[in-house]
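Number of protein chains: 2
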Amino acid sequence: MPADSILLVGAGNLATSLAVALKGAGVGIMGVWSRTEEAARELGRRIDVPYSYRLQDFCAPSVVIIAVADAALQSVASDVARLFPEALIAHTAGSISMDALRLSGATRYGVFYPMQTFSKGRVVDFSTVSTFVEGCDAEALSRLRDIASQLGGKVYEATSEQRRYLHLAAVFACNFPNALYAMSERLLTRHGLPFEAMLPLIDETAAKVHTLSAREAQTGPARRGDEAVMQRQRELLDDELLNIYNVLSDYIAKNR
Amino acid sequence: MPADSILLVGAGNLATSLAVALKGAGVGIMGVWSRTEEAARELGRRIDVPYSYRLQDFCAPSVVIIAVADAALQSVASDVARLFPEALIAHTAGSISMDALRLSGATRYGVFYPMQTFSKGRVVDFSTVSTFVEGCDAEALSRLRDIASQLGGKVYEATSEQRRYLHLAAVFACNFPNALYAMSERLLTRHGLPFEAMLPLIDETAAKVHTLSAREAQTGPARRGDEAVMQRQRELLDDELLNIYNVLSDYIAKNR
Chain A
1 MPADSILLVG AGNLATSLAV ALKGAGVGIM GVWSRTEEAA RELGRRIDVP YSYRLQDFCA
61 PSVVIIAVAD AALQSVASDV ARLFPEALIA HTAGSISMDA LRLSGATRYG VFYPMQTFSK
121 GRVVDFSTVS TFVEGCDAEA LSRLRDIASQ LGGKVYEATS EQRRYLHLAA VFACNFPNAL
181 YAMSERLLTR HGLPFEAMLP LIDETAAKVH TLSAREAQTG PARRGDEAVM QRQRELLDDE
241 LLNIYNVLSD YIAKNR
Chain B
1 MPADSILLVG AGNLATSLAV ALKGAGVGIM GVWSRTEEAA RELGRRIDVP YSYRLQDFCA
61 PSVVIIAVAD AALQSVASDV ARLFPEALIA HTAGSISMDA LRLSGATRYG VFYPMQTFSK
121 GRVVDFSTVS TFVEGCDAEA LSRLRDIASQ LGGKVYEATS EQRRYLHLAA VFACNFPNAL
181 YAMSERLLTR HGLPFEAMLP LIDETAAKVH TLSAREAQTG PARRGDEAVM QRQRELLDDE
241 LLNIYNVLSD YIAKNR
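For the protein sequence lines, the chains are A and B, in the order given. Under our numbering, the first residue of the first sequence is numbered 1, with each subsequent residue one higher. Under our numbering, the first residue of the second sequence is numbered 1, with each subsequent residue one higher.
Hints in this document: simulated from the structure, not taken from any laboratory. Keep in mind that the hints are not guaranteed to be accurate.
If several chains are the same, the list does not tell them apart, and a pair holds so long as it fits within one copy or across any two.
[Said to hold, decoys possible] Cross-link-like lysine to any residue pairs, in silico, SDA-like; alpha carbons within 20 Å at most:
(1) Lys254 to Leu242
(2) Lys154 to Phe195
(3) Lys154 to Phe118
(4) Lys254 to Asn243
Pulled out of the complex, with its shape left as it was, chain A reads as follows:
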């Protein structure tokens, strides 16, 4: 099997972490493309590979990984499929089916979905990332699985249907807990208390579900059915946070 010569399409948060990880793992990257020259240059220079904002500047990649915003995927994928008909084309989107690539004209295609939260200015260590792959055929699947394995994290296979639930489950396990951290920060800041004091608790809460089921790990007034504490806590909340407090406490109480 020839060494992969990957074209990375996109230069956002996910693309940047992925580029750094691929480079670090010694996977051959042919170049990086971004819609804007500036973003392409920044990422290209960072990992020392050719870069361009014109797809036609690249020549016969064996694999193209597309990591762009969901809304741009269909149009970018169509351009890629037209220019590189021989390439294996993969997208990285949690909630878009593999079939979207076929509809964009790709003949060899798959999905490479690293389930992680990517923020600007923070490069993610891929050796701890779960990556979910899907392929239009066994060869495509195996190729994407190989690339993912080289990054050092766990690799799973998932259908497009399963990936919809994965992405949804990730919203519940990541985006919503982070929103709750923000609410916690808001409560503390308003009362002259440092959010930093909350970090050990946040870390331990995450660590617990490595060894206990989340249901077993549940603590707090709603879990104990401690109405007296809950009533006193409700009195401290504004309407917006009170509604959230009630909805989540009800869930905990019902699912004890």
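With chain A's structure known, arrange chain B on it following the hints.
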């Protein structure tokens, strides 16, 4: 200052982790009390100190730390205050004011609140715990601060009023995120997917707020205002989870 001779009152999850931490730090523990002989024995043997279910079996402790359920605190504190009028008596409850101890008859009293989530079968490393102390006077405060410092974690001072907000903020930063982990687990399990794959995402979400504010760290469809993805996700949810999805997504969208 004499070495502390602490009587630990309670043998639940918090008391157990605290006992192990005090013992490990070489703080003098006179003994442990629990309402039931069995629980007292289990913890007493574990850290190799005297134990009893009768408070009068202990003689002149310098400090009594009460770590019992909120509902039992007032009655246990009254017994402690009557039997040990010279002792400095501290409780460990997030949402009970220091004054509750004065009302129970204590003359020297304070609060020793380790802000952490304590589950059965999981001993917490106190060197990573934020402990909040309060004292009826400078001497009580200083004594409790010393004990907390010996455990190796960060020690903060907080008034009873601030502690109410701390406890509430902890519900938002710990109990509610854990409930969301449980929902995530439920979604995955129903669709044949392993919850273990979600752990790197949970860990990274917790790690991010060590260096970014939670608001900066926010990602996901609601943060991006991606209505198309959100609409497709809503279709996958039952009524209970849909309500939670909408309430939290609205919060994220409004606080971008």
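Index of numbered hints that the structure contradicts, given in increasing order
none
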